[in-house]
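Student: Chain residues, written in single-letter form:
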Amino acid sequence: MIFLDYIRTFLLRTLQTLLISLRALRRNKMRSILTALGIIIGVASVVAMVAVGNGAQARITSQVSALGQNLLSVFAGSRKSGGVNSGLGSASALTLADADAIGREVPDVVAISPEATTTAQAIANGRNWSTTVAGESPDYLKIRDWKLASGSMFTGREVRSAAKVAVIGSKTANELFGPLNPVGQTVRVGNIPFVIIGLLESKGAGMGGQNQDDRIIIPYTTAMKRITGEKYLRSINVQIGSADRMKIAQEQITSLLCQRHRLAAGRDNDFNIFNQKEIADTVNSISKIITLLLGSIAGISLVVGGIGIMNIMLVSVTERTREIGIRIAVGAQPGDIKLQFLTEAITLSLLGGLIGVLLGIGASKLVEVFADFKAIVSTGSIILAFGVSFAIGVFFGFYPARKAAQLDPIEALRYE
Amino acid sequence: MNTPVNTTPVIQLRDLAKTYQTGEVEVKAVRGVTLDIQRGDFMAIMGASGSGKSTLMNTLGCLDQPTGGNYLLDGIAVAALNRKELAKLRNKKLGFVFQSFNLLARTSALENVELPMFYSQPLVPLRERHHRAMQTLEKVGLGNRLGHYPSQLSGGQQQRIAIARALVNKPELVLADEPTGNLDTRTSIELMGLFQELNDSGITIVMVTHELDIAAYCKRIVVMRDGQVISDTRNEKRRSAVEEIATLDQAEQKAKLA
Ligand SMILES: Nc1ncnc2c1ncn2[C@@H]1O[C@H](COP(=O)(O)OP(=O)(O)O)[C@@H](O)[C@H]1O
Ligand SMILES: [Mg+2]
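Here the protein sequences come in this chain order: G and E.
Residue numbering for the first sequence follows my numbering, beginning at 1 and increasing consecutively.
Residue numbering for the second sequence follows my numbering, beginning at 1 and increasing consecutively.
Everything labelled a hint here was simulated from the structure, so no lab data went into it.
The structure presented is a predicted model; accordingly, all values stated were derived computationally and were not measured.
No residue lacks a Cβ here, since even glycine has one placed at the ideal position from N, Cα and C.
Some hints could be false.
Said to hold, decoys possible - Derived contacts from chain G toward chain E, CB cut-off under 10 angstroms, selection only:
1) ARG8
2) GLN16
3) LEU22
4) ARG23
5) GLY190
6) GLU323
7) ALA329
8) GLY331
9) GLN333
10) ARG402
11) LYS403
12) ALA405
13) ASP408
14) PRO409
15) ARG414
Isolated chain E, as found in the complex (with noise of 0.2 angstroms):
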């Protein structure tokens, strides 16, 4: 059989479990969750606090191995790689948005996004990075910011800064823990304006959220409770960021004329 598009799931699943060991105490984190993630897709994680939210999205970056069951990211059974294999792994494969965006303080927006290049494997020459990164910036819509430092930008271009970076070496996922956390309202809706343009574009996205209002503009919502996968379900009303935006400024157009 010839099949063009690479069908295989980012992310594979089974059973994938992870135990903190505290001293006597063993805290089950992560217990047993079986997902399959495609190609293009767009999910939400929801849940309570401590219901194993960021462990779950740690085990996926590969920052963290689990302790039990299997997880192939592309294909690539993650458990027998070493720090360096990972390493690699997080560094081709993978973007990360963090709620405290997590850029590198007194470096400038280009040189953030620069940064995962910087550890690319073959090297990549100085001009395209430069090339590279700036195109990434003009992607979020910083094109015009790219020597700022991060303390010089507002929440959601920092944001956007981290975006870019998770993008620039084209991975294969992007995963973000509550990415909306430090924004108001309408950036936060702007930000997800922003991840469904890159979504549509075909980028796949996982993100980490305990706004049911945030979790609305994704395709896929999956809910955990206690370290386990309570509900997986598609989001059939998805809302659009750009027609919310829309009516917002409707809204204040009215209310300053009020």
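Extracted from the complex, chain G is given alone in its bound form (with noise of 0.2 angstroms):
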């Protein structure tokens, strides 16, 4: 019962305080808002970051792994040599020869894919598009993760066979046949006329920004000899069995590829791969060392709005010297005005934090508007935003506290 009453005590003890403190604020509004401005900046800058920068890397990461599931993709040339672009892809290194031994000798792939690609006019329905036409292996759909809206993929049989057969990208059978399904249609491409037996599903932008879905997608076979009439290949897609396996997987094929090319050993590999799990946590590690540098950047508007909070503070202790010298003459115990200025300071920096984490989220819909993905604004910034705020005012509040329970009531209420 003691105990009851004693909480009880406490309790009403601080809602008075609580309002005395938020009364001597009101009365200094402008002064009051102009000093919880740092921390009102430095809340609202770490929940938009934080919000911004796990938006981007959530993005990033539905990119990478949009790609497909555990990717290894080899590209022909080097990187030195050529470039990051314009090289991989154009040297003359990669033979179907490589895919099949890849695929005869790593054990952990479980789908690959030979691509040729090039860009070609596409004519039908009396339309005209200028599109990209990969040739790929029935397994392309499976490594890439990509389902058929309508129709089906060619088989290993029209591989063989290099039928004339496409499956089409929706964007590209927009433009050519309009709402018209276009399974069963004729494309002409390169002047050959190709059936087109399915339709691809819808996804979207890809990494470099370029639409995954204008494309048709024919075999292999048929578009090395028809379409680019090359023996080489741009690239082979290579699906492996689990993700703890790609580092193995990777060395396998580049040892294989390094013997098979004859390539010695001070010499620059002809091939590059694409590691998409080695990318994915790059990525990863990178967009958290940005959130995380824009993060502290953000927290040393905190600390400065902290010592924002304390200057004002010693302001006031000053200036109601004669008002803590009447409340110490009339009772009030050093702890009574302590507990009144911290919780001043407490009031001014957690009201600060209020606004902020209120300005930070609708900071972070602002982005949203210009940028292509949804801001990730996290209960956990929240919760740490309000938690640093209330410790900024406890920590920088501490000390004008101090001064004013300190202060000797006869000097005080001699103040002028």
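Two chains, two separate frames, one set of hints: put the complex together.
Tutor: In structure tokens, the structure reads:
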């Protein structure tokens, strides 16, 4: 019972003190707002940065995983000699025999698709459209985790016979056929008629920003024989059975190809392997670092905000010296005075935190308008923001509060 | 022996001393004051400026600790108490009235009077706080000024609020350091009237003043010089403020008619 009484008294006192503090803050409305501004900006930027950072990371991660599960892509050409983009896939290095060898000798490979691509004019339905024509194997859809909206994928038999069949991307289909179902229609690519047997589901923009839905997929044999006319592949896409075997499989493919291409030990490879998991990991760690970096910059502004609070609290203690003297004279204990000013500082910084969180959420939504991803405002960052605001109030309010509590009442009462 | 009335003096001073140490210089503000103040007394402390009146008052008020001698407030040895215990003692047993009123600005009369109850232990319930503050303000004649801010009131009215604040926790003793110092003559007499009325109802009052005219309303006059009490006398020809005011009013009437 005594304990409950104690709690009740404590709560009532805290409430009382809170009311006094709110009142003091309301009296200096403008000053309070300006003082809280540091915290407001700090908290708002922490919340917004973390939200935008998380959103961007989630977006990139989903893009990377949309490439397909556990994907290794072997590109012809060396990174050093050819530069990153233009060099890849352009050298005459990868052959079908390489693809066969990989499929045969690397045990973790569960699906493989040699790829020969080019850009060509597609004509159908009286319309003309320039698009990417990709020669692939039937495994391609499985590797890229891609589904058909209607029709079916070509089979191994059609690859072997270099059949003139095609699976068409949704964008290309729309350009050529409009709302018509393209399955069963004919499209001419480089003057060769292809029967459309399948329509791909829409996948949206890919990692480079290009539209993945604008393409026609045909058997790689047909592509090499009739469209590109080359015996070299642009790349080989390989799916590995499990994520933790990716690295080993990559090493095995590398040594296999080095051996097949008779590359001397010191020479640059004439191929390059793109490891989807590695990219995803890199992207993740980079975006984590950026988020952390931006977060700590915002954190600095929180500290600056805290110093602002301490400054104004010191001013407030000086201004209200007489008030403090009066309170002490009528029986306020040092603890009462300390609690009053500490509460004021905490209220100020928590209020700043609250406004900051709201502004931060607003800013994240604003970023969403301009960026093509959703900002993810996490409860964690909001709780953190409030926790930090509270801590700042306590930390930077403590010294002024103690100073107030230690004032000599006689001098305080004489203070002009 | 059975004594229903508490006969211990409210204040017992034995050889009380207060020395200020400012750098190399020692200032002996109070040196060896021995005094008893009984319940119901109304005492004036007089003396020249710098004679140690305020220092003695601050020590009596537990705002400061003496550097020598003994001080018992209501039987409690003050010297042994820390800041927190002194604060409790002030809250419960003492009321202050200052020359410069010392009210909280931009705070209503009612809330100013409620202030001491804010720090009372156990906590005074909100309702009772309002009630008591209102009653006390009525007692000092300001029952119709509850919501006014100090800046909206005259000096005399502000001092009445301060007196209400000093009384609201039913103290053993009210300490007033030159309460009429900032007031004109008539308002001063009116205020002394209030003090006399309060004293008649049993409240013990100690008041510092350097005006003989004001001290004349008290029951006992103590004169200080250089930190010591040089005389301590009963005021046999005590003036009554109520009568003075009546006389003043008559004089005013005559002046108007003339
Ligand atoms: N805080 C202090 N520090 C040093 N000396 C002080 C202090 N307060 C008062 N004194 C000195 O003590 C003496 C008595 O002062 P005070 O009690 O204020 O006198 P009074 O109220 O009778 O005018 C004076 O000489 C004054 O200068
Ligand atoms: Mg004085």
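Student: Which of the numbered hints above does this structure break?
Tutor: 3, 5, 10, 11
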